[in-house]
Amino acid sequence: MADLFTPYSFKNLTLKNRIVMPPMCQYSVQAEDGNPNDWHYVHYVSRAVGGTGLIIIEMTAIEPDGRISDQDTGIWSDEHIPAYRKIVDSVHSYGTKIGIQLGHAGRKAQDAEPPMAPSCIPFSSQYGMPRALSTDEVEEKIQLYREGARRAVEAGFDTVEIHGAHGYLIHQFHSPLTNQRKDEYGKDYALFGEKVVQAVKEVLPEGMPIIMRVSAKEYVEDGYGIDYIASICERYKHAGVDIFHITSGGEGPVGSDGGPKAVPAYQVDLADEFKKKLHTPVIAVGLLDEFEVAQNVILEGKADLVAVGRGMLKDPYWALHASEALQGEQKVPKAYERGFPRKNK
13 MADLFTPYSF
23 KNLTLKNRIV
33 MPPMCQYSVQ
43 AEDGNPNDWH
53 YVHYVSRAVG
63 GTGLIIIEMT
73 AIEPDGRISD
83 QDTGIWSDEH
93 IPAYRKIVDS
103 VHSYGTKIGI
113 QLGHAGRKAQ
123 DAEPPMAPSC
133 IPFSSQYGMP
143 RALSTDEVEE
153 KIQLYREGAR
163 RAVEAGFDTV
173 EIHGAHGYLI
183 HQFHSPLTNQ
193 RKDEYGKDYA
203 LFGEKVVQAV
213 KEVLPEGMPI
223 IMRVSAKEYV
233 EDGYGIDYIA
243 SICERYKHAG
253 VDIFHITSGG
263 EGPVGSDGGP
273 KAVPAYQVDL
283 ADEFKKKLHT
293 PVIAVGLLDE
303 FEVAQNVILE
313 GKADLVAVGR
323 GMLKDPYWAL
333 HASEALQGEQ
343 KVPKAYERGF
353 PRKNK
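For the sequence shown, the numbering used here gives the first residue as 13, with consecutive numbering after it.
Source of the hints: derived by calculation from the structure; they are not laboratory data. Hints should not be assumed to be uniformly reliable.
[Stated by the list, open to error] Below 20 Å or equal to it, Euclidean Cα-Cα: the simulated EDC-like pairs (lysine to aspartate or glutamate) are: (1) K289 with D254; (2) K98 with E166; (3) K23 with E214; (4) K326 with D301; (5) K289 with E312; (6) K249 with E285.
[Stated by the list, open to error] Cβ pair distances, simulated, as ranges: (7) D101 with E341: 23 to 33 Å; (8) L311 with V275: 16 to 26 Å; (9) E302 with H104: 27 to 37 Å; (10) P345 with Q155: 36 to 46 Å; (11) D15 with E125: 43 to 53 Å; (12) S136 with D101: 38 to 48 Å; (13) N24 with E341: 14 to 24 Å; (14) S58 with D281: 27 to 37 Å; (15) W51 with R350: 21 to 31 Å.
A virtual CB, placed ideally from N, CA and C, is assigned to each residue, including glycine.
Produce the entire structure from the sequences given, and follow the hints as far as they go.
Listed below in structure tokens is the structure:
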């Protein structure tokens, strides 16, 4: 029976354990012209030292106005590649695999003037009125995702995750609440995301899996549920998505944290249901900071991988501490062995 510390393989991606650090934007750290800096280097490499199996770099914009804020990272230029390659090489040196999440904030871009979206519907009264993308511009965005993926491959990443959740651009296209277009991208809600997946797949080497993050549930009136998004994701699956990263919310006042009523593992059943509907591997996420809770997700077969977000912001060595608490197999760096007495026996 698999547990958190059982290796996991899919296509050419082999992980030493089932623990994932999900994408988490750093916001307050100035990424000049989209380039990751020393903060990002230490932030990610320290989690590799801490035993994480897979790290997924924060939502990385495919163009400058695709950033949530101007403080965030991007991958719209070949000039970004060396900084990412430095992070990737160091993460690999600790036996951890690393991916990057490609995204575009769409109408949730806080510093874009104006932001852009499928339709002229603002996120809230605190956000700017977005302009609707022309059909030609939509096609251009698809190519920007493709180029971002190409650069990710050149930087040495092991996998690419496409952000289709939390109310960002792809989510805006596949949600009837935010897509009121009259062209083909409005008549077919899955078309934009499907073409993005196809474009990304074109530039990835054979055997590199594509991950896609989707919100399985919208927390607003008339928002979609899991049956709707599962039908959309069938299209994404056939286009080339290999693993789905199951989250929820983000299109309204309730964000990806599930709101004040959220409890540990509140999204796990969504991941479990999604896994059964699409027969694909899934990553579960959502207040899985407690070691035993995360362990049970794998033991009960509800997900293939477990993403621990806020827990890793608090503790870079979450995976090592989990292995200590749960008697799991995990290699502690020699320099830190004195801090883990059980591992020295």
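A quick look at each hint next to the structure:
1. With a C-alpha separation of about 14 Å, the suggested pairing of K289 with D254 holds against the 20 Å cut-off.
2. Pair hint K98 plus E166 holds up; C-alpha atoms about 12 Å apart against a cutoff of 20 Å.
3. For a cut-off of 20 Å, the pair hint linking K23 to E214 stands: about 16 Å separates their Cα positions.
4. For the hint pairing K326 with D301, the CA-to-CA distance comes to about 10 Å; that is within 20 Å, so the pair holds.
5. Note on K289 and E312: the hinted pairing holds, with a Cα-Cα distance of about 17 Å set against a maximum of 20 Å.
6. For a cut-off of 20 Å, the pair hint linking K249 to E285 stands: about 16 Å separates their Cα positions.
7. Range check, D101 to E341: Cβ separation about 25 Å, and the 23 to 33 Å hint holds.
8. Here the CB-CB span from L311 to V275 is close to 19 Å, well matched to the stated 16 to 26 Å.
9. The hinted window of 27 to 37 Å between E302 and H104 holds, with their beta carbons roughly 29 Å apart.
10. At roughly 42 Å, the beta carbons of P345 and Q155 sit within the given window of 36 to 46 Å.
11. Judged by the Cβ atoms, the range 43 to 53 Å given for D15 and E125 holds: they are separated by roughly 49 Å.
12. About 41 Å separates the C-beta atoms of S136 and D101, a value consistent with the hinted range of 38 to 48 Å.
13. The hinted range of 14 to 24 Å is satisfied by N24 and E341, whose Cβ atoms lie roughly 23 Å apart.
14. Checked against the given bound of 27 to 37 Å, the beta carbons of S58 and D281, roughly 32 Å apart, stay inside it.
15. Checked against the hint of 21 to 31 Å, the C-beta distance between W51 and R350 comes to roughly 28 Å, which is consistent with it.
Comparing the model with each earlier hint shows no violations; every hint is respected.
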